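Colleague: Residues per chain are reported as follows:
2 protein chains.
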Amino acid sequence: MKNTRPADFADVRATNLSVVLHHLRANGPSSRAAIAASTGLTKATVSSLTGTLIEQRLLRETGLTGNRIGRPSTALALDGSAYAAIGLQVTADRLTALAVDFAGDQLLLWHRTFDGGTPVGSVAVTAGPGRAVSAITALAQRAATRVRQQGRQVLGLTVAVPGLVEEGGTVRLSPPLGWSDIDLRGQLAGSLRQPGLDVAVGNHAGLAAVAEIRHGGHPDLDLTYVTGAAGVEAGIIADGRPLHGSRGFTGQIGRFTLGPAGSPTLADLAGIEPLVRRALPGFDPESLADLTPAVEHVALLARSGDRTALTALHDTGCHLGQGLALLANLVNPEVIVLGDHYAALAEWLIPAATPELARNTLAPASGGTRLLASGLGLHAAALGGAVTHLERVDTGALPSPA
Amino acid sequence: MKNTRPADFADVRATNLSVVLHHLRANGPSSRAAIAASTGLTKATVSSLTGTLIEQRLLRETGLTGNRIGRPSTALALDGSAYAAIGLQVTADRLTALAVDFAGDQLLLWHRTFDGGTPVGSVAVTAGPGRAVSAITALAQRAATRVRQQGRQVLGLTVAVPGLVEEGGTVRLSPPLGWSDIDLRGQLAGSLRQPGLDVAVGNHAGLAAVAEIRHGGHPDLDLTYVTGAAGVEAGIIADGRPLHGSRGFTGQIGRFTLGPAGSPTLADLAGIEPLVRRALPGFDPESLADLTPAVEHVALLARSGDRTALTALHDTGCHLGQGLALLANLVNPEVIVLGDHYAALAEWLIPAATPELARNTLAPASGGTRLLASGLGLHAAALGGAVTHLERVDTGALPSPA
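Respectively, the protein sequence lines represent chains D and H.
Per this note's numbering, residue 1 is the first one in the first sequence, and the count goes up by one each step.
Per this note's numbering, residue 1 is the first one in the second sequence, and the count goes up by one each step.
A portion of the hints provided could be inaccurate.
[Said to hold, decoys possible] Facing chain D, a subset of chain H residues (Cβ under 7 Å, in silico): (1) Ala37; (2) Ser38; (3) Gly40; (4) Thr42; (5) Gln194; (6) Asp239; (7) His244; (8) Arg247; (9) Phe256; (10) Leu326; (11) Asn329; (12) Val331; (13) Ala365; (14) Leu372.
[To be verified] Label pairs and their computed distance ranges (CB to CB): (15) H:Pro219 <-> D:Gly190: 34 to 40 Å; (16) D:Ser400 <-> H:Thr52: 34 to 40 Å; (17) D:Gly40 <-> H:Ser400: 41 to 47 Å; (18) D:Ser400 <-> H:Phe9: 24 to 30 Å; (19) D:Ala44 <-> H:Arg5: 14 to 20 Å; (20) D:Pro219 <-> H:Thr145: 45 to 51 Å; (21) H:Pro364 <-> D:Arg25: 35 to 41 Å; (22) H:Ala397 <-> D:Arg25: 27 to 33 Å; (23) D:Thr113 <-> H:Gly377: 58 to 64 Å; (24) H:Ser400 <-> D:Gly104: 56 to 62 Å.
By construction, these hints were calculated from the structure, which means they are not laboratory data.
None of the values given here were measured: they were computed from a predicted structure.
C-beta: ideal position from N, C-alpha, C; glycine also.
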């Protein structure tokens, strides 16, 4: 159907560079002979490919590895030291910056409280985005400078935003931030004093899903990441790739409703903020700079057997299961990963959601979809933002010199 | 992520064969020079590729084409005569067989009434599938024999079934047919006296979507095909490829509900059979061998201004719009094609569905998703079943000799 570009020898080489990098990422240090045996490439081809990768400082030789039979041979390992990428994550209350190197080591993780977001319905909608973009730019600038001072080439920087983000990096609509039609990529690229830095903007849940694939212990799985931090959004990896859709506006399950106008949506019924309201009567989440302490408080109450908190968690879990059945029915993922605040409450949400997921999925046993809690914490989207730049190298598109 | 197979020269050649075939399918007869100019391949490469394709009877020379300047040159066109594929479509009341050749010409279209399906809840569940499989086998056998008698090589045969179909061709669950765990592909391949015939089984809506891409006037679009004939199912083309999911169980939107157990599902609210029940009070669709006359009757009443029929169509359209918003929010297709019976009622359903689609989609203007009626009639899934085999040729996987 699509993809009608002619192929040439460079494509073959890129594919095979990618095969070698993938092998080492999946299997750890390996000899050239082991790479050849496992990938089906000839030893001569592997030697040529690994030579290029060593020259580019993407691989290094790690000394001799003892084979059981025959001469010991030199093992090759992924080398992360030369290249890094940066992810920033924007929520209504907080900015997070994170950098990782090519081998997956975290180089920095910074948080900033943040008041630039102006939820839809508030008064000062216009003042918000400008201040927010300045704060994002300042943090991005500092992070990029720091990583460069460590002697690493920064391959790119991606900002994760909840809501609808167009491919060119314009935030079309972000209800949690109160933004619409903000050319975030353009403003960032124009303000950053980082010539040659590849700047991108992506959807929060979509980037978190990419992070789960690479760092969450689910390599090569079709998974869907679900976040309840800002509405309810899903990041969908389908058939091995992030589901992009025609304009990039995928995964918006929170909006779903069935019934007359004004019927509650899935986000009303299964979002984190409504959960906190139900679990902690009298507690106003809008007065908080950050939902995290409220979520921790809910967990504490649930652990102590508080009926109100347990009922709220059960109800939220049931509705969440109905919503996740949508994903199981439509997209049929192998794994649905409950992210950020959902993960912190997963021990109560998953037992309530699981039977509803099964009951509302046409396929027996939920079509094989398993429900898991994310282990990546609250900054999975920032990690995913960085990962997107490093993954490009994994496809065989080697970095050009800084 | 996935796809870590090494590449070699054969992959480059397959890709470039595919580029040439794609060019001719999109642009019609072209000279070698025009193909080279438009694809970026060298003239020598185009000559070699088209030589192979002519040898394989996939292209033919169509005589001289007048260039505006310079010597007239020979035009090449897709040649369909040597290769065909067959699609069968199974619904509870009818079998359809259809054959097309590589150029897209329809070679046969047969219908058989059919009583092998036993809806879930009926008594004789076990008797159904056996008789049904025999009827399918007999029709497939006749169609393949007929096409071969016309001197064509049959590249493959695919049976379209509503419900959940596993990749290996087992029907895991088909509520409209009352089937579960029927190894349809195995039984067919075992009974057909057609050695070497590639037999497959696929989901109805998914195959109809493939047909829409190739024959519905939407080439290279991300589209979703929605059928209401048997429950409500969606066939999703995402990022240029059918959305497969982990086990192939995608597109089951009819199951969706939000609310306490027993709440109506989308299929209850927006399916064709409930619509007929509401539009034609006192009329029992289960007594029918075929929904088509009932749907025609509803259209006739609506055209004459019948209030009951118009109200039923309006309500169904509104609920359908809410369901389609799911697709717009989650998958963000460029086009949603209303298929089969929905298409026959589209002039009433689309005006009711469109505002609900927009109201329930987070992205402004429904995220760009347009709502259209299919022009492929009631046998789009059979057509799609045939098309899947022909498309493999378009990817450069040329047929082996019969």
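Colleague: Indicate, hint by hint, whether the structure satisfies it.
Modeller: We went through each hint and held it up to the structure:
Interface hint status for H:Ala37: violated, as the beta-carbon distance to the closest one in chain D is roughly 12 Å, over 7 Å. Hint on H:Ser38 is violated. Least Cβ distance to chain D is approximately 10 Å, over the 7 Å limit. Because the closest C-beta pair between H:Gly40 and chain D is about 6 Å apart, less than 7 Å, the hint holds. Annotation: interface hint on H:Thr42 violated; nearest CB of chain D at approximately 10 Å, more than 7 Å.
The interface hint given for H:Gln194 is broken, as the beta carbon of that residue sits about 28 Å from the closest beta carbon of chain D, more than 7 Å. With its C-beta approaching chain D no nearer than about 5 Å, H:Asp239 sits inside the 7 Å limit, and its interface hint holds. A cut of 7 Å between beta carbons decides the hint on H:His244: the least distance to chain D is about 5 Å, and the hint holds. About 5 Å separates the beta-carbon of H:Arg247 from the nearest beta-carbon of chain D, less than 7 Å, and the hint is met.
Checking H:Phe256 against chain D: minimum C-beta separation of about 6 Å stays under 7 Å; hint holds. The restraint placing H:Leu326 at the interface with chain D holds, with a minimum CB-CB distance near 6 Å, inside the 7 Å limit. For H:Asn329, the interface hint holds, the least distance from its beta-carbon to any beta-carbon of chain D being 4 Å, beneath 7 Å. The closest approach between the C-beta of H:Val331 and any C-beta of chain D is roughly 6 Å, which is under the 7 Å cut-off, so the hint is satisfied.
Because the smallest distance between the Cβ of H:Ala365 and any Cβ of chain D comes to about 10 Å, over 7 Å, the interface hint for this residue is violated. With its C-beta approaching chain D no nearer than about 14 Å, H:Leu372 sits outside the 7 Å limit, and its interface hint is violated. Distance hint check for H:Pro219 and D:Gly190: the Cβ-Cβ separation is about 38 Å, which falls inside the suggested range of 34 to 40 Å. Checked against the given bound of 34 to 40 Å, the beta carbons of D:Ser400 and H:Thr52, roughly 36 Å apart, stay inside it.
Between D:Gly40 and H:Ser400 the C-beta distance comes to about 23 Å, which lies outside the given range of 41 to 47 Å. Between D:Ser400 and H:Phe9 the Cβ separation comes to about 26 Å, which falls inside the hinted range of 24 to 30 Å. Between D:Ala44 and H:Arg5 the CB atoms are about 19 Å apart, so this pair conforms to the stated range of 14 to 20 Å. Range check, D:Pro219 to H:Thr145: about 48 Å between beta-carbon atoms, so the 45 to 51 Å window is met.
Separated by about 40 Å at the C-beta atoms, H:Pro364 and D:Arg25 satisfy the suggested range of 35 to 41 Å. At about 30 Å, the CB distance of H:Ala397 to D:Arg25 agrees with the hint of 27 to 33 Å. Checking the proposed 58 to 64 Å range against D:Thr113 and H:Gly377 shows it holds: the Cβ atoms sit about 60 Å from each other. Separation of H:Ser400 from D:Gly104 is about 44 Å and departs from the stated range, judged on CB atoms against 56 to 62 Å.
Hint compliance for this structure: hints 1, 2, 4, 5, 13, 14, 17, 24 are broken, all remaining hints hold.
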